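Chemist: Each chain is listed here by its residues.
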Amino acid sequence: MSRSFSRTTHHLAGVVLAASMLLASTSAAWAASGAPARPVEEGWPQSHFLENDPKPGEPGYSEAAPSPAPPQGMTDARLRVVDPDGYQALLSERTARERTLLSKARSTLKSSGITPGSTMSAATLRRADALLAQTAVSPYGFLKFRLVPSNSTYARNGYLGTLYFTYGIYSPVTDSYKWYTASWPARSGNNRPRDQRVVGVGPIPEYAWVFGFANRVWYGYQPDARESFAPGKWRLDPWTGGPYGRGYLEVHGGINEHQFAATNGCIRLHPGNISALKSYYDTKMANKKDRSTAKLTVDY
Amino acid sequence: MLSRGKGRPRAALTAVVTLVATALVLVPGCSVAPEPKSTVGEGEAAGAVFEPSSLAWAPSALEAHLPGIVGWRQVSEAAPGQVVVLSEESSPAVVWEGPSDVVSSLVSVDAKLGMLAVTVRPADGRAFEETTYLCHPSGTVVAIKAPEGYEPPGSLVFLGNGSALALATRFGAEAIESTIGVVSIDGSWSQVALTGELPEFQYVERLFPVPGTDAFAVVLKTAGTPANRDDEALVLARYENGALRSFTPPFRDDCLPNAVPLWNTTGVVFVRSWRTDAQGQAIADLVEAVFSNGQWAERVLASGGGMTLGIESGTVAVPLPDGKVLVRTAGSFEEGEPTALVAVESKGALAKTGLDVTGTTSLLWMEK
Numbered sequence: 001m002s003r004s005f006s007r008t009t010h011h012l013a014g015v016v017l018a019a020s021m022l023l024a025s026t027s028a029a030w031a032a033s034g035a036p037a038r039p040v041e042e043g044w045p046q047s048h049f050l051e052n053d054p055k056p057g058e059p060g061y062s063e064a065a066p067s068p069a070p071p072q073g074m075t076d077a078r079l080r081v082v083d084p085d086g087y088q089a090l091l092s093e094r095t096a097r098e099r100t101l102l103s104k105a106r107s108t109l110k111s112s113g114i115t116p117g118s119t120m121s122a123a124t125l126r127r128a129d130a131l132l133a134q135t136a137v138s139p140y141g142f143l144k145f146r147l148v149p150s151n152s153t154y155a156r157n158g159y160l161g162t163l164y165f166t167y168g169i170y171s172p173v174t175d176s177y178k179w180y181t182a183s184w185p186a187r188s189g190n191n192r193p194r195d196q197r198v199v200g201v202g203p204i205p206e207y208a209w210v211f212g213f214a215n216r217v218w219y220g221y222q223p224d225a226r227e228s229f230a231p232g233k234w235r236l237d238p239w240t241g242g243p244y245g246r247g248y249l250e251v252h253g254g255i256n257e258h259q260f261a262a263t264n265g266c267i268r269l270h271p272g273n274i275s276a277l278k279s280y281y282d283t284k285m286a287n288k289k290d291r292s293t294a295k296l297t298v299d300y
Numbered sequence: 001m002l003s004r005g006k007g008r009p010r011a012a013l014t015a016v017v018t019l020v021a022t023a024l025v026l027v028p029g030c031s032v033a034p035e036p037k038s039t040v041g042e043g044e045a046a047g048a049v050f051e052p053s054s055l056a057w058a059p060s061a062l063e064a065h066l067p068g069i070v071g072w073r074q075v076s077e078a079a080p081g082q083v084v085v086l087s088e089e090s091s092p093a094v095v096w097e098g099p100s101d102v103v104s105s106l107v108s109v110d111a112k113l114g115m116l117a118v119t120v121r122p123a124d125g126r127a128f129e130e131t132t133y134l135c136h137p138s139g140t141v142v143a144i145k146a147p148e149g150y151e152p153p154g155s156l157v158f159l160g161n162g163s164a165l166a167l168a169t170r171f172g173a174e175a176i177e178s179t180i181g182v183v184s185i186d187g188s189w190s191q192v193a194l195t196g197e198l199p200e201f202q203y204v205e206r207l208f209p210v211p212g213t214d215a216f217a218v219v220l221k222t223a224g225t226p227a228n229r230d231d232e233a234l235v236l237a238r239y240e241n242g243a244l245r246s247f248t249p250p251f252r253d254d255c256l257p258n259a260v261p262l263w264n265t266t267g268v269v270f271v272r273s274w275r276t277d278a279q280g281q282a283i284a285d286l287v288e289a290v291f292s293n294g295q296w297a298e299r300v301l302a303s304g305g306g307m308t309l310g311i312e313s314g315t316v317a318v319p320l321p322d323g324k325v326l327v328r329t330a331g332s333f334e335e336g337e338p339t340a341l342v343a344v345e346s347k348g349a350l351a352k353t354g355l356d357v358t359g360t361t362s363l364l365w366m367e368k
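Chains as they are written, first to last, in the working numbering: chain X, 1 to 300; chain P, 1 to 368.
Quick caveat, the hints were computed from the structure, so don't treat them as lab data.
Computed footprint of chain P on chain X, listed as stretches where at least three residues anywhere in the stretch have a Cβ under 8 Å from a Cβ of chain P: (1) 150-162; (2) 197-204; (3) 255-261.
Note that the structure is predicted; figures quoted are calculated from it, not measured. Here a beta-carbon is modelled for each residue, glycine too, at the ideal position from N, C-alpha and C.
With these hints in hand, go ahead and build the complete structure from the sequences.
Modeler: The structure is reproduced here in structure tokens:
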């Protein structure tokens, strides 16, 4: 964190205007929520500022490598067995989304002369898949973060954090979605849901965050080799002015002393699992640039 | 002896995606669990071109500036890390600088024994396979061979004769596990038992020496609840006959991961972050915990005053041999105020010291 501060100082002349604008909006958000503006943690939140991302040629900068195809996630049947509560939490959110998705998939296919639910040739199937991906309805993904009471070694303050990536693949032949889920141990702030309003300390507040966006702009996955982020991150919108005045929240990794360590509210995964999540994000989320559906829902 | 702030293990994760793809493991609540690759340290972490001997150091360079506050400094993201000795009158004295072709992180340094331990990883950030090296006063550099499946040690204490007591962690499919071992002069690992009076715990989180005593502080991760004192426990232990034996009951607090040892006293200081004010804003409390006459006694040395909470910034307090404690401030980006060390005066007042610690972490007072 302190490195980022020094870096910020080093490049201050170049970023002062952007920083001033950002800070002005931040201060306004904090003031509106009654939350404090004084710093609680050295280097935070400036290490998360967009302008402080590592630049080409700097050690913290890295290129995003292509993702290999990930293993298929758990089927619903499997998820129901290994994580019944997680399954139920995902199901309730998914049911509402699926109705809209089915309607959109059907209209997309029909407008191209393809009848959903009918026997199709291989060529027609390929054309259907391409159309569905273009309209961001298949594969369709979203995320959920939960904190549930647990005595797992991955738990903190008695709560185990889990980040779910769930995705549905529409079959034009059966005219239905089949859903798969991958999940990983995660932590956020002090992991204590009752502290979600404590800036810089508590976990990310309950909310439907937009995954991979900041200030309504899509950034997607951003490689970041700095120790507190490595190997990379996804920003979450609202970038400032979230619930309880929380902001600058991300899903990221962390190595060395930051490996699966506490955060100022961001969701942290083991660095290996950031790479795993990226492979799903890259290949199983056609809707990743659609801010109305690229959601990470936080439920406690 | 200087040990890195938190004893988090080092990642060893090149090809993790491949591992995950080939080993989809189901655990309660988790479908894909971390499966870190073991790093046994043959210089491969930094790629074929990295030469471990480039990490060699001259202990005399450090000794020449002691006693003083030693730290790990990185002035910009583009600059190699440096071991420095702080000064109120001038710029910090640089006593070692990492090679430019890798990213280095300090694990531990000991002026009396002339030993340095650093972790290196590739500078391009594309791979996260890391290796921790021991740098001997003779100029010899050896890779630590952590047990299979465990990541390079993040906590390490030098014992003399070129050996070290080290803590390695494994992020497994179902659990986080730790192991303590003695690293010999050639980097090989011999497991060490942790014995004595111990609370029920999940794994060892940190290990560090208590200077001026024969004690080691051992921070244990315990199965916590939403309460404030059951997620971590601290015991003091001695290394005797090949085992680390606890001689204290546990001291419990959720904020022990940022604890640092006091000098010549069997105790620690740490910043507690569980208190909030009427507006729900977190308040930092600097707490001292001392084991004496068979029991632990704690007292709050200072509160608020711009002290950093130490959640992401690691250890934040610097105890001195005379009993005083320095603590770092959060700084203020809005006001252009850098992070600095302030002295804890009587009745909890904080006094400026003139020690700017911007970009400098892992601070500890060190004697010749």
